[in-house]
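Asks: Sequence:
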Amino acid sequence: ASTYNILCKGYGVARKPQEAQRVLEAMAKGRPPWLATTGSAAPEGAAVAFRASPGLRPTLRTYNTVINSWCEEGGIHEARKLMAAMRAAGVSPDEVTFNTLIKAYAKLGQPDNAERLVREMENAYLRPNERTFAILTSCLVEAGQMDRAREIVAHMGARGLRPNSYVFNALIKGYARALSPDGVNEVLDAMAAAGVPADVTTYGLIMDAWSSAGRVGDARDTIERMRGAGVAPDLQAWSVLAKGYVRAGRPAEAEKVLAEMEAAGVPPNIVTFTTVISGWCSAGRMEDAERLLTTMVDRAVEPNSLTHKTLVWGYAEAQMPRQAEERLQAMENAGFRPE
RNA sequence: GGCUCAUGAAGUG
Numbered sequence: 014a015s016t017y018n019i020l021c022k023g024y025g026v027a028r029k030p031q032e033a034q035r036v037l038e039a040m041a042k043g044r045p046p047w048l049a050t051t052g053s054a055a056p057e058g059a060a061v062a063f064r065a066s067p068g069l070r071p072t073l074r075t076y077n078t079v080i081n082s083w084c085e086e087g088g089i090h091e092a093r094k095l096m097a098a099m100r101a102a103g104v105s106p107d108e109v110t111f112n113t114l115i116k117a118y119a120k121l122g123q124p125d126n127a128e129r130l131v132r133e134m135e136n137a138y139l140r141p142n143e144r145t146f147a148i149l150t151s152c153l154v155e156a157g158q159m160d161r162a163r164e165i166v167a168h169m170g171a172r173g174l175r176p177n178s179y180v181f182n183a184l185i186k187g188y189a190r191a192l193s194p195d196g197v198n199e200v201l202d203a204m205a206a207a208g209v210p211a212d213v214t215t216y217g218l219i220m221d222a223w224s225s226a227g228r229v230g231d232a233r234d235t236i237e238r239m240r241g242a243g244v245a246p247d248l249q250a251w252s253v254l255a256k257g258y259v260r261a262g263r264p265a266e267a268e269k270v271l272a273e274m275e276a277a278g279v280p281p282n283i284v285t286f287t288t289v290i291s292g293w294c295s296a297g298r299m300e301d302a303e304r305l306l307t308t309m310v311d312r313a314v315e316p317n318s319l320t321h322k323t324l325v326w327g328y329a330e331a332q333m334p335r336q337a338e339e340r341l342q343a344m345e346n347a348g349f350r351p352e
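Mapping of the first sequence onto my numbering: residues 14 to 352, in sequence order.
Because the hints were derived from the structure by calculation, they are not lab data.
Hints may contain errors.
Have a look at the derived ranges for each label pair, beta carbon to beta carbon [as the list claims (entries may be wrong)]:
1) G170 with A226: 29 to 37 angstroms
2) T308 with N346: 19 to 27 angstroms
3) P280 with G348: 20 to 28 angstroms
4) A205 with P351: 49 to 57 angstroms
5) P280 with E352: 26 to 34 angstroms
6) G348 with A191: 37 to 45 angstroms
7) D202 with W326: 38 to 46 angstroms
8) E300 with L192: 31 to 39 angstroms
9) D202 with A347: 43 to 51 angstroms
10) N282 with G157: 26 to 34 angstroms
Backbone N, C-alpha and C define an ideal beta-carbon position, used for all residues, glycine too.
Construct the complete structure from the given sequences, taking the supplied hints into account.
Replies: Shown next, in the form of structure tokens:
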């Protein structure tokens, strides 16, 4: 029975296209009620899964899983229809159902609709939970509505909820991207006061804002602060630091980060290497880019399409068409399609 | 009890 649900999820993850209408219509009797009511296509694989066991009725989790697969594809309309259908079939949506739909609006950048759905959720006598607030907060932050986001978070207490790290991290993201250390520190203080420890994501988020802005000194300060707080930087955090040096036009220092992270027990991966290679390319230092590529391959890290693309770009930018062509060829030989 | 929903990294068409 849950095998069944896992199947649905698998198909959802695979983002199967929708030839489903045919599959649905071809289904034998014993079709789940929702099939009759959703006039449009469902993800093909999910429909196949339903077909597999004619006698079985979809459970709440089955519905949630399929609704999620719709939402991942931006099919909010179909998802809502499915919610109506499940109700008609006597299965009541739960918090997960609503969170899934709220997330869909969040992805579409529609905080108003997301908030509307939270109200709808409460009208259905369901309590928004921490995830609901994390999704909503993140949505508001993405929309640049920091004040509203804070309001919402402040409201959690009244509903018996305490902001967790997901919620706090969403706020931090907003302030970090606005390059507002005051805002960031304010949230960090609030986290400490709430007994929610800043984690590797929290610090990574902050570092990324600094690094993206080319303010690598601040990113460096942040990673040291993180270590001081007993939080070990992970692969992403180190990669972000390397990006900071790249963005600041300091590729040699970016490359030093590779050794630094290695020493910390976190070997660089393809993302880290490609980041630093792009730094050499940006500086027109193609021989260094090639040298690092060799180092990378020696360490059994294979270039991917983005690595190749970066090098092609680098040679083009450096007015080295001959080498650009060679790179393009190498890319094709490695089985990557040039764009 | 398990199975469904939330957060950070690469040249960025």
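Asks: So, against the hints stated earlier in the document, which numbers end up violated here?
Replies: When the structure is compared with the hints, none of them turns out to be violated.
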